[in-house]
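Student: As you go down the protein sequences, you meet chains A, B and C in turn. Residue numbers for the first sequence, in our numbering: 72 to 313. Residue numbers for the second sequence, in our numbering: 462 to 669. Residue numbers for the third sequence, in our numbering: 10 to 227.
If you're looking for bench data, these hints aren't it; they were derived computationally from the structure. Quick caveat, the model's predicted, so the values are computed rather than measured. Every residue, glycine too, gets a C-beta built ideally from N, C-alpha and C. Worth double-checking, as some hints may not be accurate.
[Said to hold, decoys possible] The calculated lysine to aspartate or glutamate pairs, modelled on EDC-like cross-linking and capped at a C-alpha distance of 16 Å, are:
no., chain 1, residue 1, chain 2, residue 2
1, C, Lys162, A, Asp219
2, C, Lys162, C, Asp83
3, B, Lys583, C, Asp83
[Stated by the list, open to error] DEER-style ranges, computed between Cβ atoms:
no., chain 1, residue 1, chain 2, residue 2, range
4, C, Lys162, B, Ala618, 35 to 43 Å
5, C, Arg23, B, Pro560, 47 to 55 Å
6, A, Glu310, B, Ser579, 41 to 49 Å
7, B, Ile636, A, Val145, 37 to 45 Å
8, A, Trp192, C, Val40, 53 to 61 Å
9, C, Leu67, B, Pro650, 52 to 60 Å
10, C, Lys162, B, Gln576, 20 to 28 Å
11, B, Pro497, C, Leu67, 48 to 56 Å
12, B, Gly499, C, Gly25, 47 to 55 Å
13, B, Val606, C, Leu109, 34 to 42 Å
14, C, Val52, A, Phe178, 48 to 56 Å
15, B, Gly499, C, Arg163, 25 to 33 Å
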Amino acid sequence: MSIWEYANPKKFMQTSSWALPWVTGMAVVTLLTGLVWGFFFTPDDFRQGSTVKIIYIHVPSAMMAINAWAMMLVTSLIWLVRRHHVSVLAAKAAAPIGMTMTLIALFTGAIWGQPMWGTWWAWDPRLTSFLILFLFYLGYIALWEAVDDPDTAADLTSVLCLVGSVFAILSRYAVLFWNQGLHQGASLSLDKEEHVSDVYAFPLWVSMAGFVLLFVALVLLRTRTEIRARRLRALEARERMA
Amino acid sequence: MMLEIQDLAVARGGIRLLEGVSLALGAGQAMVLRGPNGIGKTTLLRAVAGLQPAVAGSITLPPEGAAYAGHADGLKATLTVAENLTFWAGIYGQSGIAPALAAMDLDALQERPAQNLSAGQKRRLGLARLLVTGRRLWLLDEPTVSLDAASVALFGASVRAHLAAGGAALMATHIDLGLDEAAILDLTPFRARHPEPGQGGGFDEAFA
Amino acid sequence: MLALLLRDLRLATRAGGGFGLSLAFFLIVTVLVPFGVGPEGGVLARIAPGILWVGALLACLLSLDRIFALDREDGSLDLLATAPIPLEGAVAAKALAHWLTTGLPLTLAAPILGVLLNLPTAGFGWLTLSLLVGTPALSVIGAFGAALTVGLKRGGLLLSLLVLPLYIPTLIFGAEAAKRGAEGLATATPLLMLAGITAGTAAILPFAAAAAIRVNLR
Numbered sequence: 072m073s074i075w076e077y078a079n080p081k082k083f084m085q086t087s088s089w090a091l092p093w094v095t096g097m098a099v100v101t102l103l104t105g106l107v108w109g110f111f112f113t114p115d116d117f118r119q120g121s122t123v124k125i126i127y128i129h130v131p132s133a134m135m136a137i138n139a140w141a142m143m144l145v146t147s148l149i150w151l152v153r154r155h156h157v158s159v160l161a162a163k164a165a166a167p168i169g170m171t172m173t174l175i176a177l178f179t180g181a182i183w184g185q186p187m188w189g190t191w192w193a194w195d196p197r198l199t200s201f202l203i204l205f206l207f208y209l210g211y212i213a214l215w216e217a218v219d220d221p222d223t224a225a226d227l228t229s230v231l232c233l234v235g236s237v238f239a240i241l242s243r244y245a246v247l248f249w250n251q252g253l254h255q256g257a258s259l260s261l262d263k264e265e266h267v268s269d270v271y272a273f274p275l276w277v278s279m280a281g282f283v284l285l286f287v288a289l290v291l292l293r294t295r296t297e298i299r300a301r302r303l304r305a306l307e308a309r310e311r312m313a
Numbered sequence: 462m463m464l465e466i467q468d469l470a471v472a473r474g475g476i477r478l479l480e481g482v483s484l485a486l487g488a489g490q491a492m493v494l495r496g497p498n499g500i501g502k503t504t505l506l507r508a509v510a511g512l513q514p515a516v517a518g519s520i521t522l523p524p525e526g527a528a529y530a531g532h533a534d535g536l537k538a539t540l541t542v543a544e545n546l547t548f549w550a551g552i553y554g555q556s557g558i559a560p561a562l563a564a565m566d567l568d569a570l571q572e573r574p575a576q577n578l579s580a581g582q583k584r585r586l587g588l589a590r591l592l593v594t595g596r597r598l599w600l601l602d603e604p605t606v607s608l609d610a611a612s613v614a615l616f617g618a619s620v621r622a623h624l625a626a627g628g629a630a631l632m633a634t635h636i637d638l639g640l641d642e643a644a645i646l647d648l649t650p651f652r653a654r655h656p657e658p659g660q661g662g663g664f665d666e667a668f669a
Numbered sequence: 010m011l012a013l014l015l016r017d018l019r020l021a022t023r024a025g026g027g028f029g030l031s032l033a034f035f036l037i038v039t040v041l042v043p044f045g046v047g048p049e050g051g052v053l054a055r056i057a058p059g060i061l062w063v064g065a066l067l068a069c070l071l072s073l074d075r076i077f078a079l080d081r082e083d084g085s086l087d088l089l090a091t092a093p094i095p096l097e098g099a100v101a102a103k104a105l106a107h108w109l110t111t112g113l114p115l116t117l118a119a120p121i122l123g124v125l126l127n128l129p130t131a132g133f134g135w136l137t138l139s140l141l142v143g144t145p146a147l148s149v150i151g152a153f154g155a156a157l158t159v160g161l162k163r164g165g166l167l168l169s170l171l172v173l174p175l176y177i178p179t180l181i182f183g184a185e186a187a188k189r190g191a192e193g194l195a196t197a198t199p200l201l202m203l204a205g206i207t208a209g210t211a212a213i214l215p216f217a218a219a220a221a222i223r224v225n226l227r
């Protein structure tokens, strides 16, 4: 029994149809627990008031924004090396989810930043990095949309994902350098995680687990949709041939 | 042996076109591929040229053995005839374009930019490119399109000279080049039938 | 490969080759900026390195889709892919030709345009040096983007969308080097990073670009 068996579309469909309801259910329960606990059963921060509670959406979505790209990188590599069709379709399925997570992180960041720093947007290294990540998602999705032939699209987007990953990391360091160069000795510390005490941390862990499960459920769902769409197209093509 | 194809299957756009194609070409031999439009002549030639992968079967040819000439001639409009030819000679590490110019009757047009050539003259220049590659196996896709009778004869003569010098040619053409020694391979019997799931080699087929 | 480089240079300088278009575009962008931000010398001097870098980057972007699309149209790309020179080498030669006809003229024109933007005297040398070191990376990254979109009918817009995010690190380090130079600060770090990006992209991206072209020709 090899892990690659799950790359077989039939096997994947069987397994995922069994797993999807469970993952979805777990995602809903975990997410609700984490968010309700975080929103209603944690004390207000002495300095930030109740605004701090957006952390339960902001931090997990930011984490998933990066993890989704990491997953796309791994599945793209699997496609390039082992030519498993399900793998690259999973990457395609994950991209819009990752992009949405990036958007959520950016928006919640703006909503949080307004009362805290008095501005919706600052060219802070971390914020800027997520904006750049958003652009990479945009390019990846646009390339999938633009290429007709599915084999060509899969190969090209996988190469783009590989090269894009290198440049995304490079951009991260460039942005750190650039920002230090601009605002040397900034008085505003944006490092949130350092100050989080256990009261806030436990619901945050639960919420993060909820986001991971939600991501897995959405990727499974979207990959299943993609596989069905491919099957339809293949059957139509065969119909035309006959 | 210049070219050996065994049990080859090729696909275009995820649909298998030809299967079970086997052929062999030795030095001094030519083969003409025939068949209705869309049977897969171009696809077969592109697969032999290495531009697209074969779905099944094998293609054996000596390394750096083949020169490919497709529908487009690969000419630059703003370069002269001589410049276009010198470029391709340089790419193939050859020198001396004079014999090629003479063979295709382009001597008088040497200094003319390619954009001022007629369609037939462009085609002749495209075929002259084959002569400067120094390759022994020619893969020709409809080489005689837009050539007049005299140019077809000219081209037939260069192919014959190429064969006599130990070369070989695999071509898709409907026009009789006057090459009596060329074998004719009708591709119609090799048309892929009743495609089975996953045999087109295409992406979607993997899910059927 | 030398033959390919010479051919591309010759094509670019012939009529309709587009040589000079990027330069004119660079000039116009630079002239437009003072109309947008006002003629005040201090402001212009402060933003001059950044504006010139962004302008050079956009001017470079303008001619990217010509790198492979023209060869694809007339069939040369098929023939190059079956030619004895490795496709990776062909990509590198074409990227170099693009740099010689775009990046290098832009680099040489930048100091002249710097006068228009009131660039401080100390900045001229650093601006030119940073562009000289950084623009080859723009050409190589652009060649990769052009290779990805070579099979598409209207790939120009998508090409910009794909390439611009990849340009971010080059732009950051390049503009930073020019800016620090203009302010009389140390420029070694951004210049070294810029050189690193150029060397790294020139070493790796031709392989990725050649792979993308092979996929697109299939």
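Student: Next, verify each hint and record whether it holds.
Tutor: We went through each hint and held it up to the structure:
For the proposed pair C:Lys162 and A:Asp219, the alpha carbon gap of about 11 Å is at most 16 Å, so the pair holds. Proximity of C:Lys162 to C:Asp83 is assessed by CA-CA distance (about 14 Å); at most 16 Å being required, the pair is judged to hold. With a C-alpha separation of about 12 Å, the suggested pairing of B:Lys583 with C:Asp83 holds against the 16 Å cut-off. Hint check: C:Lys162 to B:Ala618, Cβ distance near 40 Å, so the stated range 35 to 43 Å holds.
Checked against the hint of 47 to 55 Å, the pair C:Arg23 and B:Pro560 fails, with Cβ atoms roughly 27 Å apart. In this structure the hint that A:Glu310 and B:Ser579 lie 41 to 49 Å apart at CB holds, the actual value being about 45 Å. Checking the proposed 37 to 45 Å range against B:Ile636 and A:Val145 shows it is violated: the Cβ atoms sit about 54 Å from each other. For A:Trp192 and C:Val40, the Cβ-Cβ distance of about 30 Å falls outside the hinted range of 53 to 61 Å, so the restraint is violated.
Judged by the Cβ atoms, the range 52 to 60 Å given for C:Leu67 and B:Pro650 holds: they are separated by roughly 57 Å. The given range of 20 to 28 Å is respected by C:Lys162 and B:Gln576, whose C-beta atoms sit roughly 23 Å from each other. In this structure the hint that B:Pro497 and C:Leu67 lie 48 to 56 Å apart at CB holds, the actual value being about 50 Å. A C-beta distance of roughly 36 Å is found between B:Gly499 and C:Gly25, which places it outside the suggested range of 47 to 55 Å.
The given range of 34 to 42 Å is respected by B:Val606 and C:Leu109, whose C-beta atoms sit roughly 36 Å from each other. In this structure the hint that C:Val52 and A:Phe178 lie 48 to 56 Å apart at CB is violated, the actual value being about 32 Å. Distance hint for B:Gly499 and C:Arg163: a CB-CB separation of about 27 Å, consistent with the stated range 25 to 33 Å.
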